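Chemist: Counting in the numbering used here, the sequence shown runs without a single skipped number right up to 513 at its last residue.
These aren't lab readings, by the way, just hints derived from the structure by calculation. Just so you know, not all the hints are guaranteed correct.
Stated by the list, open to error - Straight-line distance between alpha carbons at most 25 angstroms, and here's what the computed SDA-like set of lysine to any residue pairs gives:
hint	residue 1	residue 2
1	Lys290	Thr195
2	Lys290	Glu90
3	Lys211	Ser229
4	Lys421	Lys290
5	Lys421	Glu198
6	Lys211	Thr197
Quick caveat: nothing in here was measured; it's all calculated off a predicted structure.
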Amino acid sequence: MKRPCISPVALVGVLVSLVTLGWLFWIVYSFSSTSAAYSIFGDEGIFLTGADRILQGEMPYRDFITYLSPGAYYPLAGFFHLFGENYVVARTFLLLNIIGIIAAMYWLAWPLLRWWSFLPVVVFSFLIFPAWPFVSHHWQFLLFALLSTCCLFYRTAWWRIASGILAGISFAVFPEKGIFVFAAHITILTLTEFRNVRSLIAPIVKYLVGFPLPVVGGVWWLVSNGVWHSFLQQAFVDMVTYYPKQVQPFAFFTFNNIAFLTFLGFIGLGLVLIINRRLSVFPWKPFTMIYLLHIFLSFSVWYHIELYHLLQIIAPFTILMFAALLVFFRNRKAILKTYSLVGTAALAFSTMVVSVSVLFALAFQSSYGAGMGMSDNFSRFSTLRGTIALNNYKTPALVDEYAAVSQLAATTLAGKHVFFLPYAPGFYYFFGLRNMTSFDFMVTDTIPPAYFEKFEEELENIDAVVFLLTSWQSFDTQGAIMQVIRESFSNHQELLQGRVQVFSRIPL
Numbered sequence: 006m007k008r009p010c011i012s013p014v015a016l017v018g019v020l021v022s023l024v025t026l027g028w029l030f031w032i033v034y035s036f037s038s039t040s041a042a043y044s045i046f047g048d049e050g051i052f053l054t055g056a057d058r059i060l061q062g063e064m065p066y067r068d069f070i071t072y073l074s075p076g077a078y079y080p081l082a083g084f085f086h087l088f089g090e091n092y093v094v095a096r097t098f099l100l101l102n103i104i105g106i107i108a109a110m111y112w113l114a115w116p117l118l119r120w121w122s123f124l125p126v127v128v129f130s131f132l133i134f135p136a137w138p139f140v141s142h143h144w145q146f147l148l149f150a151l152l153s154t155c156c157l158f159y160r161t162a163w164w165r166i167a168s169g170i171l172a173g174i175s176f177a178v179f180p181e182k183g184i185f186v187f188a189a190h191i192t193i194l195t196l197t198e199f200r201n202v203r204s205l206i207a208p209i210v211k212y213l214v215g216f217p218l219p220v221v222g223g224v225w226w227l228v229s230n231g232v233w234h235s236f237l238q239q240a241f242v243d244m245v246t247y248y249p250k251q252v253q254p255f256a257f258f259t260f261n262n263i264a265f266l267t268f269l270g271f272i273g274l275g276l277v278l279i280i281n282r283r284l285s286v287f288p289w290k291p292f293t294m295i296y297l298l299h300i301f302l303s304f305s306v307w308y309h310i311e312l313y314h315l316l317q318i319i320a321p322f323t324i325l326m327f328a329a330l331l332v333f334f335r336n337r338k339a340i341l342k343t344y345s346l347v348g349t350a351a352l353a354f355s356t357m358v359v360s361v362s363v364l365f366a367l368a369f370q371s372s373y374g375a376g377m378g379m380s381d382n383f384s385r386f387s388t389l390r391g392t393i394a395l396n397n398y399k400t401p402a403l404v405d406e407y408a409a410v411s412q413l414a415a416t417t418l419a420g421k422h423v424f425f426l427p428y429a430p431g432f433y434y435f436f437g438l439r440n441m442t443s444f445d446f447m448v449t450d451t452i453p454p455a456y457f458e459k460f461e462e463e464l465e466n467i468d469a470v471v472f473l474l475t476s477w478q479s480f481d482t483q484g485a486i487m488q489v490i491r492e493s494f495s496n497h498q499e500l501l502q503g504r505v506q507v508f509s510r511i512p513l
């Protein structure tokens, strides 16, 4: 009996996948939090502290102000409730999100690339994820956006309903982007199922059976807890009005870069159209589905363009990139016979070069930077939530500030109600402190005036304010916050040449 032959590509794909899985475990657990700028001081801290506040009985929109949806907090809060609030648990939550994303990428890429599907997964795992290796609703959203699109490959009723449910979850996690996933799916169903108007009714109805279920569940929660109006104000009105002012000055990419990425998607589609006219070998339907998802996700980030908002765009785009390359190399002789296709091939090659340069730009922005894996570049600290490791190479000033604040929290600030100004929400979580205000950060130029008035009132509950200028240097362009702080707290202490300042009501 002849033994089955294992494809070399399949064998390489399996081995590379195992190495990639090991890399993900290492990157998540070996260093834990690697950038003070984006974890202890920044965005990861928003989710850690928000989940912690929920476990303490607080509720978003009622007890603390947030631009995010409940779906951004409650999955992590539930994970903490089941397994404890240790930081390793948070990293495990992140790891499960990332493993789910790469599994969805395999699934999504399989009709186009087969065993070559490991290529976009490798790019994602080694270049894209390290650019933002933190707990974030962006990863949760991407997971459900990809899974819901995968389910559209299948035409049976249950798969269409499942696709709708998963898309509804993506909307519950990140409404501003989830609505674009919904639009992409309706467009996909229209283009792939259309024979006549009647032929569209059944697939779209099946999808619409699933999509509202998570959405209705979320609406019921908001209404039953009496926070519906506050949710709309904070997560939609304030988000769209004030959040772009907050991120635009720090945007890694500009509008032109996003438009260019979108243009690359059009080039890829045009390439496939031209090739498909000559060679009937390309799986047109899955490419169209992934392409449309890429385009609609591109639209979703045009109002807040920066590094980590682009990661969910680049993930599906890598699949398109390798699919176009694979078709070209497999059919290069037939393609190059036609002069017009030579120009197309050159354009495709240029597209790939630019795309790879974008990915390497992401890698350069990675939290690891130069000296990846060298223990000398990291300072480890023990906290109430577990051990963290901060990157000395990328954020040396913030590491010093963390060490200084950690010492204060263990001594002079122990047992006191502290507010960290302007943007260091992770400190509440790692130091086990209760934030007695409704704000996890305070930046005057990006919040409504009414919130600032509320902040002034809630300062009465605070014993000391720790001011960390480097966490957000342009947080108070009019000087309004610092004026209120100086009027409310009579004692002032400076550390690290003024980079850490402590304001208190009594001498410390």
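Chemist: Taking the hints in turn, state whether each one holds.
Modeler: Okay, the hints, checked on the actual structure:
Taking the CA atoms of lysine 290 and threonine 195, the gap is near 12 angstroms; set against the 25 angstroms cutoff, the hint holds. Between the alpha carbons of lysine 290 and glutamate 90 the distance comes to roughly 44 angstroms, so the proposed pair goes past 25 angstroms and is violated. A C-alpha spacing of about 28 angstroms is found between lysine 211 and serine 229, which places the hinted pair above 25 angstroms, so the restraint is violated. Restraint check for lysine 421 and lysine 290: not satisfied, since their Cα atoms lie roughly 60 angstroms apart, outside the 25 angstroms limit.
With a C-alpha separation of about 62 angstroms, the suggested pairing of lysine 421 with glutamate 198 is violated against the 25 angstroms cut-off. For a cut-off of 25 angstroms, the pair hint linking lysine 211 to threonine 197 stands: about 15 angstroms separates their Cα positions.
The structure does not agree with the numbered hints 2, 3, 4, 5 stated previously, though it agrees with the rest.
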